[in-house]
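Engineer: Protein chains in written order, with the working numbering: chain A, 16 to 352; chain B, 16 to 352; chain C, 16 to 352; chain D, 16 to 352.
Treat the hints with care, since some could be wrong.
Heads up, the list lumps identical chains together, so a pair's fine if it works in one copy or across two of them.
Listed below are the simulated EDC-like cross-link pairs for lysine to aspartate or glutamate, each with C-alpha atoms no more than 20 Å apart in a straight line [said to hold, decoys possible]: (1) 111 <-> 41; (2) 111 <-> 59; (3) 311 <-> 41; (4) 111 <-> 298; (5) 111 <-> 301; (6) 311 <-> 301; (7) 111 <-> 211; (8) 111 <-> 46; (9) 111 <-> 26; (10) 311 <-> 77.
Derived from the structure by calculation, the hints contain no laboratory data.
What follows is the residue order along each chain.
4 protein chains.
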Amino acid sequence: MSSHDRIDIQEPTFGAGIWHFGRYVDRYATDGYGPPVDTLAAIDLAGQVGDLSVVDLTFPFDPPDLPVEEVRAALDRNGLRAIAVTPEIYTRRFVKGAFTNPDAGVRREAIELVSRAAEVARLLGCDYVKLWPGQDGWDYPFQVDHSEIWRFSVEGVRELASTFPDLRFAIEYKPREPRNTMVFSSAAKTLLAIDEIGLPNVGVLLDFGHSLYGGESPADAARLAMSRGRLFAIDVNDNHRGWDDDMIVGSVHLTETFEFFHALREARWEGVWQLDQFPFREDSVEAARAGIRVMKSIHRALGLLDHDALTAAQRAQDALAAQRVVQRALLSAMADQ
Amino acid sequence: MSSHDRIDIQEPTFGAGIWHFGRYVDRYATDGYGPPVDTLAAIDLAGQVGDLSVVDLTFPFDPPDLPVEEVRAALDRNGLRAIAVTPEIYTRRFVKGAFTNPDAGVRREAIELVSRAAEVARLLGCDYVKLWPGQDGWDYPFQVDHSEIWRFSVEGVRELASTFPDLRFAIEYKPREPRNTMVFSSAAKTLLAIDEIGLPNVGVLLDFGHSLYGGESPADAARLAMSRGRLFAIDVNDNHRGWDDDMIVGSVHLTETFEFFHALREARWEGVWQLDQFPFREDSVEAARAGIRVMKSIHRALGLLDHDALTAAQRAQDALAAQRVVQRALLSAMADQ
Amino acid sequence: MSSHDRIDIQEPTFGAGIWHFGRYVDRYATDGYGPPVDTLAAIDLAGQVGDLSVVDLTFPFDPPDLPVEEVRAALDRNGLRAIAVTPEIYTRRFVKGAFTNPDAGVRREAIELVSRAAEVARLLGCDYVKLWPGQDGWDYPFQVDHSEIWRFSVEGVRELASTFPDLRFAIEYKPREPRNTMVFSSAAKTLLAIDEIGLPNVGVLLDFGHSLYGGESPADAARLAMSRGRLFAIDVNDNHRGWDDDMIVGSVHLTETFEFFHALREARWEGVWQLDQFPFREDSVEAARAGIRVMKSIHRALGLLDHDALTAAQRAQDALAAQRVVQRALLSAMADQ
Amino acid sequence: MSSHDRIDIQEPTFGAGIWHFGRYVDRYATDGYGPPVDTLAAIDLAGQVGDLSVVDLTFPFDPPDLPVEEVRAALDRNGLRAIAVTPEIYTRRFVKGAFTNPDAGVRREAIELVSRAAEVARLLGCDYVKLWPGQDGWDYPFQVDHSEIWRFSVEGVRELASTFPDLRFAIEYKPREPRNTMVFSSAAKTLLAIDEIGLPNVGVLLDFGHSLYGGESPADAARLAMSRGRLFAIDVNDNHRGWDDDMIVGSVHLTETFEFFHALREARWEGVWQLDQFPFREDSVEAARAGIRVMKSIHRALGLLDHDALTAAQRAQDALAAQRVVQRALLSAMADQ
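Construct all of the structure, not just a fragment, from the sequences and the given hints.
Structural biologist: Shown next as structure tokens:
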């Protein structure tokens, strides 16, 4: 642990889902929390943040016929790169499921939509294609044959990963919403599915908030995925632990967020620190800056942490000693700004 | 209790929120769970259910310039009556709050929108105006001065109830969503607000699901509101106890639902048994029929319940005996169909 | 599915954890919810239930020097068999952990206690040794090195399973309590650990209530464990979905309980239907009878279920149709009694 | 608000429940998390903390015949004062309820036990008698007549408050545990009961953790109780928001804890800052010191808070601005130590 001295800590790369800058709608404010924002406008907003290097792009673009070249140009002029493409396999066509839709034709459409997204990801030189099958699952007891929809999920992802062996596919698990229960609901369950899929290019995208409100310790969930070499990407945000509130990073669970990034660093994980916030009622650029400000403080605090003392406390599983070490590092770093 | 024999039990009146038949949208399926359904079309769908007598209408109508007379005609041709009007004080204009908006001008607009809805309620001969200020509250720690927004809430409702003394206003409380915390979050808190408002024409609309996922026992919450003469209306549905899933009545918590209706009947409460389901992925007419089918079974079970045995069990607070009585009544009634 | 006709359904074997009949204590009623009940007295109470065939015995016995022969005699005279032994690796010696204790000496004591229990299990001809390391986990963020305690857990169970290759070890997972987070917290995580352990004689004991309040669908969790051949045993009870309330079977989640047993039957799983209730304030014999009464009704309902209709509904993922089928079967069976 | 300058801030008085220093038991570690600690030994441990001025004493003492004079002497030699007495109306005699017990004789015993505690409170010059009827409520649907047990609760407290008009009675509400639902489950519900009781000497003890895991915002709950002049006392601790974990103050919800104390200060509430932690696996003296260390940091941070900026942010309900102000104050204060 002594090798973790301050010198080797490089500022991380920051990213965001492009939807962070989009227009939000929900079942009550059906006319939206603001005016529409199309793909190019959202990229320009992301560019205004100042500290973002990469974005995760939803696909199809808005408008759907927007040429990839225009997207690339917008990214370029904002100093951004597309780290991932997220195919929208959760809109009206797929409300009864994408990979798990009872209609084989719709399942095929889901594969095709992801395939088109994968080709765009290739064009844009992305690191991964994100799979978030939010409509795949069930709402009611007895509604589905769990074996069947598990099989559909495994087969769908396997087909994609086989077809695009040069790309990586990151499954973003989530306990629920919009489905009352999602098939890929936890880190462990997703790792079991990956085990069944049996291909090297399928991994996990761990969303801090999903992990937290799913009852996991995000640091431990990351550890589990990393121990199998499957932590492909992360998203961060915060919530009140009962729902995916997608709040500003560190606004509620500052200590757990710090623990999460500490776990990544201990394992020498080197991916992007990526925002997945939904600032429904806030300015999206300012909200991104607020999230990054907290992440920078956390990063600085990692450099201040007394690793030897923390290691000793953890060996003894001494909660009081560990808290003392952590509060000393975390809170002075925050004050520095 | 002996007076509760089968003879005196009349079939209850069934109702539904008109949104039950509308088009759902959420933050993922932003293009909706189906095509748009305007007010008249929704009323016609409600008419198809067959067992509905009343509906609660959202206002403004869709389209906004739809004349009240056309609404009335649609209700008439479907054998329906408007039991309530629900002003939409939670759409884009009000995403930062209606009664509690930081902008006094928007607070005024909220009062005006409700006032217009109240006039429509008068025209349609409704029983009450429903107030559901779902955007009134806060998302983050330290975001608001809780005293101020409580005062705003109390004053807003008081002004309306004073201005329309001939109408009744029913506050529908809910723990959260779309705000992370709502001001009117529980039965007890709403009753305290009503106490401060100090007017006879303000009461509670108790939504079974809101009560359940807010950690209340709905039967006990109803008891509390009735003990103060303030239970103006109810909505029923079901959920997995972590969110307002608005599922089909009785699909998860059959026993608690039965207990809720039993509490109403013991207190001789005589309002409408009203649906507030969101059948995102189901046929809305069939979903309403399913909910009513369960409510009819519950109603029949109330007639079969051995009240003397239940009263004895409750006197002794004997959970095993109470369950036995309840299962005997409830489950045979269900089997009858 | 057509082979599931009524004829092939044999009444299941019923069992219970012996603690069901013991004396409860908690952090408030430190003088207990009743007088002490020792091992032989608890066995005699289990015998009074009338429908129990097997019990799971905690070890050490009470008193600790009670000879195995006396236990066997008590079982015999009550027509019972010991299906399992549960070593108490969660009492004072182990409050900081059994397999994961920071002190290597205490970890060794835990292995030794389980080993002694395993020998008793052999003597009694049990089906499995149950491992419930309820103190293995953490309470606070940063308290532990998650990799280390995962490794401790895997190694501890592996050593035991290697040492006793003729016995089966069933890990009972649980989200939390008494630890704020347990290492073996979900079905999926436990299956990943079993995968790492790499031995055939380690499996899962699925407690319905643990699964439910951990956010799983118990039917789906059972499916997952069975798909890997690792569902060694089950416990049933009920709760309000926020804690391990260990209530009477079916008292809250009747439909999910039915779905759970349906999943077991579809997979032709043939183990014991076992109670893990904590009737703090009820008569323990009567509470066991109440749980069994519900299980018998559920069993009968499995025979009445229209499998073809249910299969069709599930193929279509039609929640309304599935509910209709289920309510018809479940509720008439209950009425029969 | 400008009057809140640093000068007027006096260090608060710190207190603790004496059980903080006692011996813990739960339903698994029935032999306790350590050896027994009697009343005098617990007082001596409290004295070792160094920053405690007052303690809340459970009654009967341990042993039950311990003379009040010996307790007073132990308090004196440790520089402590008894701020309250907490009658144990939740032990074996009362597991089916104290004020709500179905047996009138046991209800009378509860009144008598509290009365004896009240007399001891007089002798010791306490500020209040704490009422925590943790066994008063219900476990199952249909188990009780909610009206009856509400009436029992109101009448029980009213009788006590009438009998001892010179003493104050503080009801500590809690959502649940040990009962699955408690009668006094939230701030608002308790205030409604106090309203019905109709006496000036009955108020609320707000436990931060109970409020948090009950879904309240503790700052808002305090505001509500203070607005009616009924916030008699507070307890602080922390939890993971799903249960009453009674963890070290600030270990999870630092920002909410700060907001809570800020709300008290804004309202010029001047009571004791009191610990209610359960350090099951930690040294109780060190755990108390850790809690107080965090409270002192929070107190210092209150002095550093830019009140004008916070007021402006809250007027605008601007979450981002409020967080910025708060993080600046809170985190530098923590770093100071």
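Engineer: Determine for every hint whether it applies to the structure shown.
Structural biologist: Verification of the supplied hints:
1. Both within a single protomer and between protomers do residue 111 and residue 41 lie at most 20 Å apart by alpha-carbon distance, with minima of 18 Å and 14 Å respectively.
2. In this assembly of identical chains, the alpha carbons of residue 111 and residue 59 never lie at most 20 Å apart, being 34 Å within a copy and 25 Å across copies at closest.
3. Taking identical chains as interchangeable, the C-alpha atoms of residue 311 and residue 41 are never at most 20 Å apart, the minima being 31 Å within one chain and 33 Å between chains.
4. Proximity of residue 111 to residue 298 under the C-alpha cut-off of 20 Å is restricted to the inter-copy arrangement: shortest distance 12 Å between copies versus 33 Å within a copy.
5. For a Cα distance limit of 20 Å, the shortest separation of residue 111 from residue 301 across copies, 17 Å, qualifies, whereas the shortest one inside one copy, 36 Å, does not.
6. When the C-alpha separation of residue 311 and residue 301 is checked against a cutoff of 20 Å, the pair qualifies only within one copy, where the shortest distance is 15 Å, while the shortest distance between copies is 32 Å.
7. Taking identical chains as interchangeable, the C-alpha atoms of residue 111 and residue 211 are never at most 20 Å apart, the minima being 24 Å within one chain and 36 Å between chains.
8. Taking the closest pair of Cα atoms, residue 111 and residue 46 come within 20 Å of each other only across two copies (14 Å); inside a single copy the shortest separation is 23 Å, beyond that limit.
9. In this homomeric assembly, residue 111 and residue 26 never come within 20 Å of each other (Cα to Cα): the closest approach is 42 Å inside a single copy and 36 Å across copies.
10. Neither within a single protomer nor between protomers do residue 311 and residue 77 lie at most 20 Å apart by alpha-carbon distance, with minima of 32 Å and 47 Å respectively.
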